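Student: Residue-level listing of the chains:
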Amino acid sequence: MHDLTYVIDTFFALFAMVLIIFMVPGFAMLEAGLVRTKNVSAVLMMNTMIYAVASMGFLLFGYTLAFGAWGSDSMSLYAAFLFQMAFVGKVVNIMSGGISERAEILPMALFTVIMATVLYPVVVNWVWGADMLAGTFLDLSMYDLAGSTVIHSTGGWALLAAILIIGSRKGKYTKDGKIKAIPASNIPLVTLGAFLLWIGWFGFNGGSVGSIASKESADAVALTILNTNTAGLAGAIVAGLIMYARYRKLDITMILNGALGGLVAITAGPDLYNIYEPILIGGIGAVLVVLAVPFFDKIQIDDPVGALSVHLVNGIWGTLAVGLFAADGDSITLLGQLKGIVAIAIFAFVASYVVLKLINLILPLRTSEENEYDGLDLEVCGLESYPEFVNSKT
Amino acid sequence: MHDLTYVIDTFFALFAMVLIIFMVPGFAMLEAGLVRTKNVSAVLMMNTMIYAVASMGFLLFGYTLAFGAWGSDSMSLYAAFLFQMAFVGKVVNIMSGGISERAEILPMALFTVIMATVLYPVVVNWVWGADMLAGTFLDLSMYDLAGSTVIHSTGGWALLAAILIIGSRKGKYTKDGKIKAIPASNIPLVTLGAFLLWIGWFGFNGGSVGSIASKESADAVALTILNTNTAGLAGAIVAGLIMYARYRKLDITMILNGALGGLVAITAGPDLYNIYEPILIGGIGAVLVVLAVPFFDKIQIDDPVGALSVHLVNGIWGTLAVGLFAADGDSITLLGQLKGIVAIAIFAFVASYVVLKLINLILPLRTSEENEYDGLDLEVCGLESYPEFVNSKT
Amino acid sequence: MHDLTYVIDTFFALFAMVLIIFMVPGFAMLEAGLVRTKNVSAVLMMNTMIYAVASMGFLLFGYTLAFGAWGSDSMSLYAAFLFQMAFVGKVVNIMSGGISERAEILPMALFTVIMATVLYPVVVNWVWGADMLAGTFLDLSMYDLAGSTVIHSTGGWALLAAILIIGSRKGKYTKDGKIKAIPASNIPLVTLGAFLLWIGWFGFNGGSVGSIASKESADAVALTILNTNTAGLAGAIVAGLIMYARYRKLDITMILNGALGGLVAITAGPDLYNIYEPILIGGIGAVLVVLAVPFFDKIQIDDPVGALSVHLVNGIWGTLAVGLFAADGDSITLLGQLKGIVAIAIFAFVASYVVLKLINLILPLRTSEENEYDGLDLEVCGLESYPEFVNSKT
Amino acid sequence: MKKIEAVIKPFKLEDVKEALVEAGISGMTVSEVKGYGRQQGHTELYRGAEYVVDFLPKIKIDLVVNDDQVDEIIKLITDNAKTGKIGDGKIFVTNVEKAVRIRTGETDSEAV
Amino acid sequence: MKKIEAVIKPFKLEDVKEALVEAGISGMTVSEVKGYGRQQGHTELYRGAEYVVDFLPKIKIDLVVNDDQVDEIIKLITDNAKTGKIGDGKIFVTNVEKAVRIRTGETDSEAV
Amino acid sequence: MKKIEAVIKPFKLEDVKEALVEAGISGMTVSEVKGYGRQQGHTELYRGAEYVVDFLPKIKIDLVVNDDQVDEIIKLITDNAKTGKIGDGKIFVTNVEKAVRIRTGETDSEAV
Ligand SMILES: Nc1ncnc2c1ncn2[C@@H]1O[C@H](COP(=O)(O)OP(=O)(O)O)[C@@H](O)[C@H]1O
Ligand SMILES: Nc1ncnc2c1ncn2[C@@H]1O[C@H](COP(=O)(O)OP(=O)(O)O)[C@@H](O)[C@H]1O
Ligand SMILES: Nc1ncnc2c1ncn2[C@@H]1O[C@H](COP(=O)(O)OP(=O)(O)O)[C@@H](O)[C@H]1O
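Chains as they are written, first to last, in this note's numbering: chain A, 1 to 394; chain B, 1 to 394; chain C, 1 to 394; chain D, 1 to 112; chain E, 1 to 112; chain F, 1 to 112.
Rather than coming from a laboratory, the hints here were simulated on the basis of the structure. A quick note: this is a predicted structure, and the numbers were derived from the prediction, not measured. Since no wrong hints were added, every one of them can be taken at face value.
Straight line, CA to CA, 25 angstroms or less: simulated BS3-like cross-link-like pairs of lysine-lysine:
(1) D:98 / F:12
(2) C:298 / C:170
(3) B:298 / B:172
(4) D:12 / B:170
(5) F:75 / D:98
(6) F:34 / D:17
(7) C:172 / F:82
(8) E:2 / E:98
(9) E:34 / F:17
(10) C:172 / C:298
Sequences are here, hints too, so could you generate the full structure?
Tutor: Right under this line is the structure:
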């Protein structure tokens, strides 16, 4: 009997891992669709290298740092590793999208390595893993099933640090402080990417339950996937309603961002809610996205893909939501959630800021003005993404 | 032991559901590729909102209406729900594609809600579910494993009703009755979408077997997926052969439509056939598509994505095929199949027609001539789908 | 108990098969992105028809030829068939990509049928299947888990034969022997395709272990998928490093080719290595790709998608690697691997060459110069792939 | 000979072409351009930020004709491209000193 | 009337347009072209093979104005399109014999 | 100075460009246009409905040269763009009154 649960949980972890890997093309397509044509290949290359470098770093060092040792009783240790590995790149993905169209590649690659092998593993160790700080006042009791804070906020804080250092794209804000919209170049790619992410999320959250091989855990997994999906649905609907109310337009990019915001928000506790609460949690997630996108623009934090609004803001909201809707007065409390949010915020932001500043001294993070105008594709990849289509560089 | 079959069937239902969700980007990419560039974002938005609104409506009301109550002994009730939920949007998808490039969004959103929460659940209740009409002369004995009639024809009849009310795209037919081809804007997207649908179909039909956790049901699932695939293969080959015979051209859009037609045709009984019959069933499906596309054009039923030919015509054919190839003289009869087809046809067409006519009184279904010329992207989403590519609006 | 392992292995085979089917759109998108816009639909049609025709041929004849008879004790025979069927098209895919932009469709369709029903099944019979040559001096002891030789080299040798017969694209090499780059038309499609292939590879290799339903086989499957992924990661990283060292450019097309090269290289023995060896095997795979692409160009073997470098070269390397890293002195030896490589090389190349030459007599493989200039889309499919985008034919 | 350059609304191209062909014109060259003028561009919205697209898509027709055809052609284009709404476009006439048909080497009025 | 054709670097279009509009120009027609000139194209790399892209993207502005505005407009364009680096582009002036506004039938200087 | 406008078949651009460059021409501007003419467009097929694409892709080369170069250039273009089949295209010559190099302000024959 034990053998079969071992088999089923291994199979399930592999299934979940495969779904998460769909998020690699998911992020790549989403971001390639959101940037201008002249930066598309650079963004695709960055996404590919992030997956490669971050996963490799996690194999060589990160996993041991996070979990102390390789090993798993309940499933194949290789499957357990693969599932965790599938998460790593996401943290850096979240960040790389937000600084695209102006960041140099080499320093970002360096940061990817540091993030994947040190910063993120430390966060995982702290919250999910070996817990090196157990017993100290920094021990965290935060509940964060699949990483609203561990993945999404961590990536978001690193992005905020990077944007503060690197600045906004040339032409995004006029001298007199007006915002110039820089539209997405390929909406079908954006949509495809968003849905690949959505599907990947079923593996992300469902797999985080850790086992499916008993009646209870099968129910927990199914509930988790149901609630994950519901939060995404609610996010899309609410974002659509707000856009329609304000502009009479059903802006598809905002609707998809709303859905992704809902998905981030549910990620901390999809197994804890009843089947209706995710409507509220995802819906509020979408409200936050719709408010945050223009807010960041107003304070001239230039984030071409909306990653801060989706991942940082909703990473925080999702972690809080667990404290609000699922506190049990014992292991899960609003205060415990808050403490976790703040502790990780400080660590992720400060560590990223310092590391990026140091890298900036040796390898400037910002590309030259000329490269930025010509587009990073030529500089970085040496090619054009759509060479046969006449296009107007802006 | 029972626990493990519960676990395995839950896992399998989740696996099947994930495959079906790939049909959401599948439909979106297929339709975004088939319409002109100026309507691409509107179509993508519509597909996204259909998934969101229809699934949410099914969660809040539709499921209870269809199945009487939540609950399942053999697997997690959440997984059972998710699998059924994954079907809902498809019915509306089938319809929305066929009226794209000229339909207003708001009335269609309203119809989506009504379809997902009332019309489709009634059909499900009737054929698969709680069966409110059991015992009356309207009780149906039709065999329809995964919905050739319940999903595809229902969506097709609703589409036919909509096209009759809404009319054809401006410029599609000249005053003297000639047909003007309006070519697809992006063939790779069409192909990608068709294959995502194809893959989703494995979950659609395979999952409809309902269980995999015994030797017999494992065989039934595997046979179902094999036969589903074979019908798609045959559809592609036959459509290719006909196009080549008639025009010396291997028109990829028709080949893909042929494959989809074969997949619709097999859907009523993929578990009932031997491994060769699907070649015939899918092949005839493709013949029907290749004949139906110009036929609908001739009678000036303007269906930009070929949904009537694929889903309605083959939904009918597939349901009939069960009666022809798999009648057992007892529970499955040709007459029983026919009765089901007709009953659902009348209900789906009349109900859709009436509801759409009523909606049309308050919110006109047809967009203004100017919006149609400029493209719905600007009107509906406020953006262009490929802003950096110079294109010629036609 | 036996029933449940039957169920689980059936489920697992279906899961693996579904992943492999993602390689159909994977190859299609990769190749559609790599060719010029004027040949995109022809390439998509070819990929679709290859899947359809090759799979159908395998259902009707090929499978019996390869395995002697239908049947499986350990899982549903339908699932066992489906898993094997999913492989077939790949062999022809590998080949069709490399001759695109100049090959006529009909003769290639004919070759597809012969390849799928005779040539490839003979190879499978020889290495994996009924083994008709058992006992003769041609009996092979090569270890090739998922087909570095059986699939990738076989397809590669057929491609080499085809390119030798068919020649290079007009304009690719100038009269004075200079190479003219013909750039890819759509880089996001290339990237999407590569990742769909990557994900499909998990099913390809993982499923080839043949069972997951015991602790040992669950470990073997998980290790296989882990090692498969690691080789891809290493391939991407090493290709990136070399391109940067040589040109200061991180050419995304080469990075993706490097990853695919690594994946091909690991395919012969992903279950035999420890978790670090794949880094070396995949890394060397990428080195070989980066060297082979310009090498083939230099000797004027024109391969638009780099299939020879990825599949043929690394198919050989991967099979050798098993002899180098995993020889056990008994059933697996370097010599045994070599013998397998050479035997299949001779058979695949000679048989393909002869068959293609014969076909060439009746139906010329090469399209007319005018069709080549205008693009195959018009000739073959009768349509344009992106009709609304102004583009410059080159 | 004269070159007539007409900038028109894209959806009028089909009508204008038909009219020109009926009038016996045997050739023309068309390009996609963007026009700035009295006709105001539309406002687009991108993730909550509105912006004005002030260059509108137009079609430019280049047509070389004999001097005596100019007025007739101008009338034809005007009649068929007019909607009466702002943005209908302009016609400009310039002098062509020489015309050559590449295929045959014919020149001037034989070339067009 | 004269037609001013200016071939400029694409990223200067915005500046030039603003300057023209401020100077009271009410219309212009813009197209995307590729330029060959002293400015060398860049080298691209495709899977290890380098190649030169020698046609560079440029923007062509067509502007019909009254004779007396020509010099002022040329100066305006020159000032706003200049970067001082090779490839800034050219301005050509040709004579326009007739202009018509399609919407109203107005001609010549009333038409532009 | 004269402006030479040549409408040619796209696949001849490379040959024409090479010939012009060899002849010492230092600049030209190229655009993608669609041509209607004696050359019949091809028939396309879309899901069983056939339709004619009657505008064919062409390339337009704009080239401003000194008066004395015109004939030589016309010959060069004619020789290199000719296939002898219908649709080879046309060359039109117009007068340019003024030319300015934006970078330096040089005018007329120094500007081209
Ligand atoms: N002075 C000009 N020079 C060149 N093109 C012009 C000029 N004025 C207008 N155009 C072109 O004509 C188009 C229509 O002009 P507009 O002022 O919008 O309306 P109308 O044609 O009704 O006067 C513009 O979009 C532009 O392409
Ligand atoms: N003789 C010419 N006729 C037409 N266009 C020209 C001519 N010479 C240059 N151009 C255009 O002007 C652009 C800039 O010319 P170039 O020689 O590169 O630099 P500069 O303008 O600084 O002299 C070219 O890209 C081309 O579009
Ligand atoms: N009167 C004209 N004015 C402007 N362009 C023309 C004219 N006649 C032909 N053209 C251009 O020349 C191209 C070739 O003309 P066509 O009549 O097809 O063949 P040919 O050049 O052999 O006479 C056309 O596609 C069109 O772009």
